Amino acid sequence: MIPVAFEYKKVSSVEEALTSLASGGEGKLLAGGYSLIPAMKLRLNQPALLIDIGDIPALKGIREEDGEIVINAGTTHNDILHNDLIQQHLPFFHEAAKMIGDEQVRNRGTMGGSLAHADPAADWPALVLAADANIELAGTSGKRTLKATEFFTGLFSTELQENEIITAIRVPIPAEGSKSVYLKFENPASRFAIVGCAVLRLPDGRINIAFTGVADFAFRDAGAEKAVSGKTMDDAAMQEAQTAAVVGVDILSDNFASAEYRKHLAKVYLKRALQAVM
Amino acid sequence: MSTTNGMIGKSVKRVEDKRFITGKGRYTDDIVLPLQTYACFVRSPYAHAKIVGVDLEVAKAMPGVVAIYTGADVAAINGVPCGWQVNFKNGDTMKEPKHALLVEDKARYVGDAVAVVIAETREQAKDAAQMVLVDYEELPVTVDAAKAVKPGAPLVHDLAPNNICFDWELGNPKEEVDQALADAAHLTTLEFVNQRVVPNAIEPRSYNAAYDAVSEKYTLYTSTQNPHVIRLLMCAFVLGIPEHKVRVVGPDVGGGFGSKIFHYPEEALLTWATKNINRPIKWTAERTESFLTDAHGRDHVTKAEMGFDTTGKILGLRVKTYANLGAYLSTFGPCVPTYLHGTLLQGLYTTPKINVDVTGVFTNTTPVDAYRGAGRPEATYLLERLMDLAAHEMEMDPAELRLRNFIPPFDGVEQPGFQTQVALQYDSGNYEGVLTKGLEMLGYKEFRQKQQEAAQNGKLLGVGFSTYIEACGIAPSAVVGSLGARAGLFEVGQVRVQPTGKVSVFTGSHAHGQGHETTFAQVVASKLGIPMEDIDIVHGDTDSVAFGMGTYGSRSLAVGGSAIIRSLEKIIEKGKKIAAHRLEANADDMEFEHGQFTVKGTDKSVSFGDVALTAYVPHIYPKDLEPGLDFSSFYDPANFTYPFGCHIAVVEVEKDTGKVALQRFIAVDDVGNIINPMIVEGQIHGGVAQGVGQALFEGAEYDSNGQLTNATYMDYCMPRADDFPLFETATQVTPCPHNPLGVKGAGEAGTIGSTPAVVNAVIDALWSGGHQVKDIRMPLTSERVWRAMQTPVNT
Ligand SMILES: Cc1cc2nc3c(=O)[nH]c(=O)nc-3n(C[C@H](O)[C@H](O)[C@H](O)COP(=O)(O)OP(=O)(O)OC[C@H]3O[C@@H](n4cnc5c(N)ncnc54)[C@H](O)[C@@H]3O)c2cc1C
Numbered sequence: 001m002i003p004v005a006f007e008y009k010k011v012s013s014v015e016e017a018l019t020s021l022a023s024g025g026e027g028k029l030l031a032g033g034y035s036l037i038p039a040m041k042l043r044l045n046q047p048a049l050l051i052d053i054g055d056i057p058a059l060k061g062i063r064e065e066d067g068e069i070v071i072n073a074g075t076t077h078n079d080i081l082h083n084d085l086i087q088q089h090l091p092f093f094h095e096a097a098k099m100i101g102d103e104q105v106r107n108r109g110t111m112g113g114s115l116a117h118a119d120p121a122a123d124w125p126a127l128v129l130a131a132d133a134n135i136e137l138a139g140t141s142g143k144r145t146l147k148a149t150e151f152f153t154g155l156f157s158t159e160l161q162e163n164e165i166i167t168a169i170r171v172p173i174p175a176e177g178s179k180s181v182y183l184k185f186e187n188p189a190s191r192f193a194i195v196g197c198a199v200l201r202l203p204d205g206r207i208n209i210a211f212t213g214v215a216d217f218a219f220r221d222a223g224a225e226k227a228v229s230g231k232t233m234d235d236a237a238m239q240e241a242q243t244a245a246v247v248g249v250d251i252l253s254d255n256f257a258s259a260e261y262r263k264h265l266a267k268v269y270l271k272r273a274l275q276a277v278m
Numbered sequence: 001m002s003t004t005n006g007m008i009g010k011s012v013k014r015v016e017d018k019r020f021i022t023g024k025g026r027y028t029d030d031i032v033l034p035l036q037t038y039a040c041f042v043r044s045p046y047a048h049a050k051i052v053g054v055d056l057e058v059a060k061a062m063p064g065v066v067a068i069y070t071g072a073d074v075a076a077i078n079g080v081p082c083g084w085q086v087n088f089k090n091g092d093t094m095k096e097p098k099h100a101l102l103v104e105d106k107a108r109y110v111g112d113a114v115a116v117v118i119a120e121t122r123e124q125a126k127d128a129a130q131m132v133l134v135d136y137e138e139l140p141v142t143v144d145a146a147k148a149v150k151p152g153a154p155l156v157h158d159l160a161p162n163n164i165c166f167d168w169e170l171g172n173p174k175e176e177v178d179q180a181l182a183d184a185a186h187l188t189t190l191e192f193v194n195q196r197v198v199p200n201a202i203e204p205r206s207y208n209a210a211y212d213a214v215s216e217k218y219t220l221y222t223s224t225q226n227p228h229v230i231r232l233l234m235c236a237f238v239l240g241i242p243e244h245k246v247r248v249v250g251p252d253v254g255g256g257f258g259s260k261i262f263h264y265p266e267e268a269l270l271t272w273a274t275k276n277i278n279r280p281i282k283w284t285a286e287r288t289e290s291f292l293t294d295a296h297g298r299d300h301v302t303k304a305e306m307g308f309d310t311t312g313k314i315l316g317l318r319v320k321t322y323a324n325l326g327a328y329l330s331t332f333g334p335c336v337p338t339y340l341h342g343t344l345l346q347g348l349y350t351t352p353k354i355n356v357d358v359t360g361v362f363t364n365t366t367p368v369d370a371y372r373g374a375g376r377p378e379a380t381y382l383l384e385r386l387m388d389l390a391a392h393e394m395e396m397d398p399a400e401l402r403l404r405n406f407i408p409p410f411d412g413v414e415q416p417g418f419q420t421q422v423a424l425q426y427d428s429g430n431y432e433g434v435l436t437k438g439l440e441m442l443g444y445k446e447f448r449q450k451q452q453e454a455a456q457n458g459k460l461l462g463v464g465f466s467t468y469i470e471a472c473g474i475a476p477s478a479v480v481g482s483l484g485a486r487a488g489l490f491e492v493g494q495v496r497v498q499p500t501g502k503v504s505v506f507t508g509s510h511a512h513g514q515g516h517e518t519t520f521a522q523v524v525a526s527k528l529g530i531p532m533e534d535i536d537i538v539h540g541d542t543d544s545v546a547f548g549m550g551t552y553g554s555r556s557l558a559v560g561g562s563a564i565i566r567s568l569e570k571i572i573e574k575g576k577k578i579a580a581h582r583l584e585a586n587a588d589d590m591e592f593e594h595g596q597f598t599v600k601g602t603d604k605s606v607s608f609g610d611v612a613l614t615a616y617v618p619h620i621y622p623k624d625l626e627p628g629l630d631f632s633s634f635y636d637p638a639n640f641t642y643p644f645g646c647h648i649a650v651v652e653v654e655k656d657t658g659k660v661a662l663q664r665f666i667a668v669d670d671v672g673n674i675i676n677p678m679i680v681e682g683q684i685h686g687g688v689a690q691g692v693g694q695a696l697f698e699g700a701e702y703d704s705n706g707q708l709t710n711a712t713y714m715d716y717c718m719p720r721a722d723d724f725p726l727f728e729t730a731t732q733v734t735p736c737p738h739n740p741l742g743v744k745g746a747g748e749a750g751t752i753g754s755t756p757a758v759v760n761a762v763i764d765a766l767w768s769g770g771h772q773v774k775d776i777r778m779p780l781t782s783e784r785v786w787r788a789m790q791t792p793v794n795t
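Respectively, the protein sequence lines represent chains A and B. Sequential numbering from 1 applies to the first sequence in the UniProt record's numbering. Sequential numbering from 1 applies to the second sequence in the UniProt record's numbering.
Any given hint could turn out to be false.
To be verified - If you only want the chain A side, here are some residues facing chain B, beta carbon under 7 Å, derived:
| # | residue |
| --- | --- |
| 1 | Pro188 |
| 2 | Phe256 |
| 3 | Val268 |
To be clear, the hints were calculated from the coordinates, so they are not data collected in a lab. The structure displayed is predicted, hence computed values, not measured ones. For each residue, glycine too, the CB sits at the ideal point set by N, CA and C.
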């Protein structure tokens with residue numbers, strides 16, 4: 001539980017953070033520290049320099065802008081949980097925030113940190129995927145925006161480049177009459193997701209379905225979406241969605257849930273989620 | 001005993017909580033000595049590997065390094081001893097390989113210490129330890145006790161063929177039991193695993209050893225349950241240092257659950273090394289290190305068979321257990337699956353024929369030893385799972401089945417103790433009482449009604465029972481000696497009345513969270529009729545406490561408390577002489593009550609405080625009496641104590657996921673007389689949480705390479721408050737007939753009783769849905785329960 005020695009630098013702007021990242025090579029951003037520090041204590045991660053972005057004002061806060069809810073990357077889980085805009089427009093984000101860790105984790109951990117870390121069992125990835133969010137990145141060579149659906153690429157890996165920072169998550173406000181839900185079957189030890197299922201049902205009949213915890217990285221389930229989108233959601237459609245769900249996915253297996261059981265749980269949770277948005 | 005100022009039976013708030021809750025506790029790791037150095041151990045990442053070479057060159061050159069030792073440096077030193085000898089059936093002594101302070105030839109489990117680095121700071125020690133280059137040659141590994149005894153399994157120790165440490169049996173001759181079972185109308189057979197669990201004290205093991213070159217005295221601060229035992233084992237068996245040159249101090253200790261009874265190699269190694277470098281050395285385990293190196297608990301593979309007649313009367317019990325002892329014998333490792341397990345297989349029942357056969361097995365895993373309950377939970381699990389299963393199989397009510405088999409009530413005074421088939425003699429009991437009370441609290445009839453309705457609505461509700469007994473107050477020295485203990489198990493209590501009438505009590509029962517400072521003070525306050533504030537309970541230091549055997553086996557009050565009572569009796573007797581002299585009366589005419597020595601039938605009296613002062617300022621004083629008021633007693637109990645109780649769990653199982661929700665937990669415990677009901681209830685709560693933890697959440701998972709795959713809290717599931725309903729607890733009081741307080745002990749009851757109740761409840765829920773499963777392996781994870789429900793439904 002003792003990390004390798006490292007340098008520590010606190011920065012006050014995104015620009016300063018980017019300069020620090022570009023200078024040393026061995027630098028790593030520190031936000032809430034609730035993924036990074038445990039990994040460092042186990043010596044799984046040994047950065048030479050920690051660049052603390054935890055106090056950059058521009059990375060904090062939630063606002064409404066151009067039909068989107070903009071969540072700045074340094075916003076904590078608890079700030080999201082207690083935000084009125086979120087409760088009003090993105091109730092499933094509100095629900096998900098409640099399920100992340102405990103009070104301490106929610107007080108420090110950030111959405112940007114969670115997305116960058118891309119833990120296969122983290123909650124936010126499922127939410128940003130189901131909500132068709134965009135992720136804003138800043139780098140030394142400028143800014144770019146990625147769709148959430150393009151962002152996650154593998155176990156703990158994303159499109160984020162070494163010298164880039166996530167600055168904000170832009171979530172389109174779902175049209176009036178939308179319904180959403182996030183359900184999670186927790187790993188009893190870590191309370192991360194064994195299966196997390198986020199569903200957004202839009203008034204035009206489209207249904208977005210995203211899973212986390214099931215595979216190396218969170219994903220949108222096109223098969224399940226196709227089975228139910230635009231359909232009357234009767235038992236048959238539900239059945240079809242369950243059959244189509246998590247097909248062709250390489251499913252995780254661990255002490256608590258084998259691949260077979262996880263797959264079963266994904267289907268059970270999909271059904272519960274679909275019932276919740278009926 | 002006299003309850004003069006009514007402190008007995010009161011839920012006095014714990015006096016030690018002031019410091020614990022405000023962060024003012026002082027634990028071993030809080031102690032920093034002048035010129036302090038820090039140790040970090042280099043541990044084998046392989047479960048079984050030959051050590052081909054150790055290259056220290058790079059590590060030695062690292063900043064801050066003071067010394068590095070390897071197995072070769074300590075090869076001449078004895079290993080840490082085993083404190084209990086179990087013999088083979090043929091009389092041969094058990095196989096007892098050396099448990100070296102650092103391994104020289106082979107590492108035998110993941111975490112086995114190969115070297116130690118001592119440096120100026122903790123960080124430097126850790127950095128340098130990473131640079132110790134060990135050349136390992138991996139060897140084949142064996143982890144499962146039942147498989148390790150098969151021919152061809154890799155050998156952990158050359159001196160133990162087939163990895164067998166001992167084979168052992170107890171009870172009636174096997175043929176008699178075979179016959180009883182052959183004659184049975186019904187035979188219930190259960191093959192199961194009582195899985196290995198990790199103790200997880202919140203304070204990791206921590207040691208700080210120092211040497212004073214002038215006085216040639218060593219001091220070891222250690223997070224232990226028994227400082228004197230550590231001193232005895234370390235001095236006499238390992239290092240050969242005379243005891244009077246060693247002071248062992250156990251400061252505040254943050255939990256042990258058994259794991260801090262044992263003498264670990266790190267303690268002796270640090271004590272040895274501190275003299276070499278002439279500076280104090282501290283080591284505190286990291287959490288994953290605790291997972292890997294604190295002695296684990298349980299790990300039995302068992303086949304148990306119970307025969308019944310047509311009315312449900314038990315005719316016999318046959319048990320075969322493979323007990324995993326790990327890679328080395330921990331201090332009490334061999335005793336747990338034998339004398340603390342086999343001896344409890346009578347349970348609460350009149351079973352006329354019992355035979356238990358236990359094979360102790362070495363494997364490439366962390367050593368296994370006593371863990372809260374130690375052997376008794378395993379015995380209870382075995383019996384109580386059999387009882388509920390038999391009830392299902394015979395279509396009998398599990399409560400009724402128990403009532404038909406209970407030993408009838410006996411108080412141990414008018415009616416004699418109950419002689420079991422497995423060596424022990426129960427002290428006193430009223431077993432129907434606790435079950436009847438439990439059923440009442442549950443509302444049994446209504447529950448069964450509700451369960452049926454639930455089943456019709458596709459919901460799975462279940463109830464599980466466990467009526468347990470345990471042997472506590474460990475124990476009469478002569479008895480345990482005849483059973484293989486290499487130590488006595490008495491306890492010491494010294495009472496020193498200060499000149500002003502304030503009282504210091506020195507007890508060998510070193511607390512690690514139990515609240516001794518409160519309970520013991522209540523006992524003393526009652527007996528002497530003085531306020532609790534006037535009493536100080538001193539424990540945990542071999543320089544201030546005469547001797548002690550420590551805290552485990554729910555023995556503190558029954559044995560340690562009794563020793564204090566003996567000394568208090570001596571104090572009062574001497575006080576009477578002093579008072580009589582002052583009052584010009586005869587000592588025989590004196591009585592002592594409410595803190596006053598009074599001449600019987602008169603109003604002539606003198607207070608306890610006055611007598612104390614007179615003892616130290618003996619101007620007007622009996623001629624033949626020594627001054628002072630200070631007595632010490634060694635109390636060796638006449639028998640174990642036998643607490644018992646009834647635990648009932650109610651669960652709901654989610655059909656589509658297998659998730660178990662514990663809805664109710666009822667615990668009716670009979671722990672004899674109760675000094676502080678709040679502390680007893682707290683012990684029950686904690687114990688139940690731990691026992692339910694084993695049933696539903698906890699389990700050390702070794703893979704076939706001997707890697708402990710869940711050595712962090714991300715992977716090893718500890719029970720949490722929100723996993724539990726409010727516990728419904730009640731007590732029944734059947735006093736212990738053979739100790740002065742009439743107490744039996746409450747420290748382990750919760751852990752012993754609760755585990756089978758929960759598993760039985762889940763299985764009952766499944767039967768209510770037509771899934772007639774016999775067993776689900778603990779911990780009952782959602783997946784395991786779900787899989788059990790994939791079996792065909794019988795209606
Ligand atoms: C006990 C515990 C329980 C938890 N339970 C849950 C749970 O139930 N569900 C869940 O989803 N999570 C859980 N977490 C994880 C928690 O949500 C973390 O806070 C989160 O995953 C990481 O956020 P952070 O701000 O702490 O990031 P940090 O730990 O500071 O950083 C994580 C990684 O992201 C990088 N990073 C951080 N911010 C940025 C940025 N703006 N741009 C680019 N890279 C960045 C860092 O360099 C680092 O590599 C738990 C954590 C703990 C300790």
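Each hint tested on the structure:
With 7 Å as the threshold, the beta carbon of Pro188 of chain A comes within range of chain B, its nearest partner Cβ sitting at about 5 Å, so the hint holds. A least Cβ separation of about 6 Å between Phe256 of chain A and chain B falls short of the 7 Å threshold, and the interface hint therefore holds. Interface hint status for Val268 of chain A: upheld, as the beta-carbon distance to the closest one in chain B is roughly 5 Å, under 7 Å.
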